[in-house]
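Colleague: Chain residues, written in single-letter form:
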Amino acid sequence: MARIAGVNIPTAKRVPIALTYITGIGNSSAQAICEAVGIDASRRVNELSDAEVLAVREHIDANYTVEGDLRRDVQMNVKRLMDLGCYRGLRHRRNLPVRGQRTHTNARTRKGPAKAIAGKKK
Amino acid sequence: MSRSVWKGPFVDSYVLKKAEASRESGRNEVIKIWSRRSTILPQFVGLTFGVYNGHKHIPVNVSEEMIGQKFGEYSPTRTYYGHAADKKAKRK
Numbered sequence: 001m002a003r004i005a006g007v008n009i010p011t012a013k014r015v016p017i018a019l020t021y022i023t024g025i026g027n028s029s030a031q032a033i034c035e036a037v038g039i040d041a042s043r044r045v046n047e048l049s050d051a052e053v054l055a056v057r058e059h060i061d062a063n064y065t066v067e068g069d070l071r072r073d074v075q076m077n078v079k080r081l082m083d084l085g086c087y088r089g090l091r092h093r094r095n096l097p098v099r100g101q102r103t104h105t106n107a108r109t110r111k112g113p114a115k116a117i118a119g120k121k122k
Numbered sequence: 001m002s003r004s005v006w007k008g009p010f011v012d013s014y015v016l017k018k019a020e021a022s023r024e025s026g027r028n029e030v031i032k033i034w035s036r037r038s039t040i041l042p043q044f045v046g047l048t049f050g051v052y053n054g055h056k057h058i059p060v061n062v063s064e065e066m067i068g069q070k071f072g073e074y075s076p077t078r079t080y081y082g083h084a085a086d087k088k089a090k091r092k
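Chains as they are written, first to last, in UniProt numbering: chain G, 1 to 122; chain R, 1 to 92.
None of these hints come from the bench; they were simulated from the model. Careful: at least some of the hints might be erroneous.
Quick list of in silico lysine-lysine cross-link-like pairs, DSS-like style, CA-CA up to 30 Å [as the list claims (entries may be wrong)]:
no., chain 1, residue 1, chain 2, residue 2
1, R, 56, G, 79
2, R, 32, G, 79
3, G, 111, R, 32
Label-pair restraints from in silico Cβ distances [what the hints assert, rightly or not]:
no., chain 1, residue 1, chain 2, residue 2, range
4, R, 61, G, 11, 38 to 44 Å
5, G, 44, R, 83, 51 to 57 Å
6, R, 61, G, 111, 29 to 35 Å
7, R, 3, G, 103, 23 to 29 Å
Chain R residues, not near chain G, derived (Cβ > 12 Å throughout) [unchecked claim]:
no., residue
8, 1
9, 2
10, 8
11, 16
12, 41
13, 43
14, 57
15, 60
16, 61
17, 80
Glycine residues also receive a C-beta, built at the ideal position from the N, C-alpha and C atoms.
Can you make the complete structure from the sequences, with help from the hints?
Modeller: This is the structure:
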């Protein structure tokens, strides 16, 4: 079991895949990390030596914002918009799409599950 | 796509003039503007603008964080109070 960036314990998967279990690290940055630390992409996490795990951990600490820090950053950005009173902030407050999408239909990701309107059909 | 840097920020010239005039007069009164499309510049910080939303002028106190955004973003054009409960549905 390897602990990288706090609580994340990726399993017996290939290293680039396992790294994507960390919030803030996707496919491309996971591959970039492997390359920078010099780990072959076909190797698995349980094959790594302690030194290699340490190298990965240090590389992430030095170069990426991940997990709690990242979530807090995002939260702060949203909060800033809400406090400003600008249009994007208003949309965040009402939980509606922020980037000009239609809301007549769809927009279910932001609005949540559809609520039935009583007596709408005749 | 974002605006080319070499053009500089877009501001309607009358906004600049009005802002400057109010700066010099020193009195902090609402500057009425209709130009929702103008960029908020650093020299506008601290001034209060009345940004028109098609109905009336919404007072916007410009702060440092607003720089680079447009005036229109601070003056919502739509009013929506939510749907009232359907009367027909209640009767049934």
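Colleague: Give a verdict on every hint.
Modeller: Hints, one by one, checked against the model:
1. R/56 / G/79: Since the Cα atoms of residue 56 of chain R and residue 79 of chain G sit roughly 27 Å apart, the hinted pair holds (cutoff 30 Å).
2. R/32 / G/79: 29 Å, holds
3. G/111 / R/32: 36 Å, violated
4. R/61 / G/11: 38 to 44 Å: This hint is violated: roughly 53 Å between Cβ atoms.
5. G/44 / R/83: 51 to 57 Å: 55 Å, holds
6. R/61 / G/111: 29 to 35 Å: 31 Å, holds
7. R/3 / G/103: 23 to 29 Å: Once the Cβ atoms are compared, 27 Å apart, the range 23 to 29 Å for residue 103 of chain G and residue 3 of chain R holds.
8. 1: 15 Å, holds
9. 2: The assertion about residue 2 of chain R holds, with a minimum of 14 Å to chain G.
10. 8: 22 Å, holds
11. 16: Label holds. Min Cβ-Cβ 21 Å, cutoff 12 Å.
12. 41: 16 Å, holds
13. 43: 19 Å, holds
14. 57: Consistent with the label, residue 57 of chain R stays out of reach of chain G, its closest Cβ about 15 Å off (over 12 Å).
15. 60: Answer for residue 60 of chain R: violated, closest chain G Cβ roughly 8 Å.
16. 61: Given a closest Cβ separation of 9 Å, the condition is violated.
17. 80: Per Cβ check, residue 80 of chain R is inside 12 Å of chain G; nearest 9 Å; violated.
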